[in-house]
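J.: Please build the complete structure, drawing on both the sequences and the hints.
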Amino acid sequence: METVKRKLIDENGLRVDGRRPDELRPIKMKVGLLANADGSAYIEQGKSKIIVAVYGPREVHPKHIGLPDRAIIRCRYHMAPFSTTERKSPAPSRREIELSKIIREALEPVIFSEYYPRSMIDIFIEVLQSDGGTRCAGITAASLALADAGIPLKDLVAACAVGKVDGQLVVDLNDEEDKEGEADMPLAYIPAFNAASLLQMDGQLTEEEFFKALEMGKKACLKIYEMQKQALKERYLKIKESVEAGEENQEA
Amino acid sequence: MPLHVEHKQLVVPGELLAEGDYLPGDNTYMASGKIYSQRVGLAEVKGKKVSVVALKGPYIPKVGDLVIGQVVGITLGGWLVDINSPYTAILSVPDAIGKPFSPELGPLAKILSIGDTIIAKVIAFDRTRDPSLTIKGRGLGKMEGGVVVDLAPTKIPRLIGRKGSMITMIKKLTGCEIVVGQNGKVLIRGRNPKMVELVIGAIRMVEEQAHIPGLTDRIRAYIEQGKQG
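Protein chains in written order, with the numbering used here: chain W, 1 to 252; chain Z, 1001 to 1229.
Worth flagging that the hints you see were computed from the coordinates, not collected in a lab.
No experiment lies behind these values; they were computed from the predicted model shown.
Dumping the calculated DSSO-like pairs for lysine-lysine here, alpha-carbon to alpha-carbon at most 30 Å:
| hint | chain 1 | residue 1 | chain 2 | residue 2 |
| --- | --- | --- | --- | --- |
| 1 | W | Lys-240 | Z | Lys-1048 |
| 2 | W | Lys-229 | Z | Lys-1048 |
| 3 | W | Lys-233 | Z | Lys-1049 |
| 4 | W | Lys-240 | Z | Lys-1056 |
| 5 | Z | Lys-1056 | W | Lys-28 |
| 6 | Z | Lys-1046 | W | Lys-154 |
| 7 | W | Lys-233 | Z | Lys-1046 |
| 8 | W | Lys-229 | Z | Lys-1049 |
| 9 | Z | Lys-1008 | W | Lys-223 |
| 10 | W | Lys-229 | Z | Lys-1056 |
| 11 | Z | Lys-1227 | W | Lys-240 |
| 12 | Z | Lys-1194 | W | Lys-240 |
| 13 | W | Lys-229 | Z | Lys-1046 |
| 14 | Z | Lys-1034 | W | Lys-219 |
| 15 | Z | Lys-1034 | W | Lys-229 |
| 16 | W | Lys-223 | Z | Lys-1056 |
| 17 | Z | Lys-1046 | Z | Lys-1034 |
| 18 | W | Lys-28 | W | Lys-223 |
| 19 | W | Lys-30 | Z | Lys-1008 |
| 20 | Z | Lys-1048 | W | Lys-233 |
| 21 | Z | Lys-1110 | W | Lys-63 |
Covered stretches of chain Z (in silico footprint by chain W; criterion: 3 or more residues with CB under 8 Å from a CB of chain W, positions within the stretch not fixed):
| hint | stretch |
| --- | --- |
| 22 | 1025-1034 |
| 23 | 1051-1065 |
| 24 | 1085-1092 |
| 25 | 1205-1216 |
Here are a few chain W residues that face chain Z, going by a calculated C-beta distance under 8 Å:
| hint | residue |
| --- | --- |
| 26 | Ala-149 |
| 27 | Leu-153 |
| 28 | Leu-156 |
| 29 | Pro-191 |
| 30 | Ala-192 |
| 31 | Lys-233 |
| 32 | Leu-237 |
Don't be surprised by glycine CBs; every beta carbon is placed ideally from N, CA and C.
T.: Now the structure itself:
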């Protein structure tokens, strides 16, 4: 029997979930939702749901792994056993260990780690539900959690993937597009420096497509960056509004 | 050259604050002539200096700071003290009792034991060494009675207020004795439990509303209302 591959882009040029090629999935961000962590953030990007907790800078244990001139940064990316359609073993897989490393390296350039020698900063990224793009959403949320923890940053890091499906470049791939498509290129972008701190590629793109994909990724990251700034401010503005509303009530 | 923020405006890391003829202050950095924020906080413009008052962040000890800490360990020559910071502080015997250690003192736990809360002053700290404390001095020493309340260390200046205006007002209105540790610990002692409760409520308000102007007036109203009710 011959299996027919589902078309990823329909005749109107829309993708499997009805998005245009340069359209992001609906994104929701929340900051400061965990009381026990120094900083925390939650992101929902389409059906992907991720929670991030940041601890630190805190004392290093065991002491000898600390560095004399800067803080060490540790990162753990982990997928919950229930985050995928088939149960995922909770033990860290090869993939998770690698992603932990590259996410750490994507965030390290923005952290003023030299301010806190002999200490460490821990970042825990927990994927609750996975539908593609979790490394990028993880980076986006982790930079929010770092900012929420009050750790000095040069800038926030925004991340988004660009890929090629059915011969067309699209941003923010979901799981199906990622698996069935021809290429996937995650990008983490630091707007203040106009620099990328993560750039990977699976599959194949021509040189021309690559540069076009980079440009699309940058645009998508800037949209996410605006949402990040909004999410960080929102909590404080909400309190401000409620206090000011209370004062007006008293005066009235 | 332009300033991109207003005084007291809420800013986030990476936000452009000013360009050109300005100087970077606290919690900001300069890159290719532009000044950016490092933290979530309120922008502050004083003349040519642009800085950010952080809303959250760790406590980094400074020499001369008054801190409230808890004894977490005893070593051969002193105590280890948790001061709510990435660095555990050391209180050595001479800084605690004013004379050098001698075996005749007996076990150090007789002087201070694990779990004791102390009011101390930072006497030395740099990036190669853990902070050293002393409890010799007026108002310093082991805490006897009272409650300790946590507040974000970055909001301590807000609780104290300009030239101590906020804290003196709270003290005057409630009659409580309040010791403010720079490390985000506040010790409250008072005869009247209701007044202590009002002080705790006021500290919670500082925690929540530090970024909103007019805080002193709101806290005055809160305490006065609480005293009547």
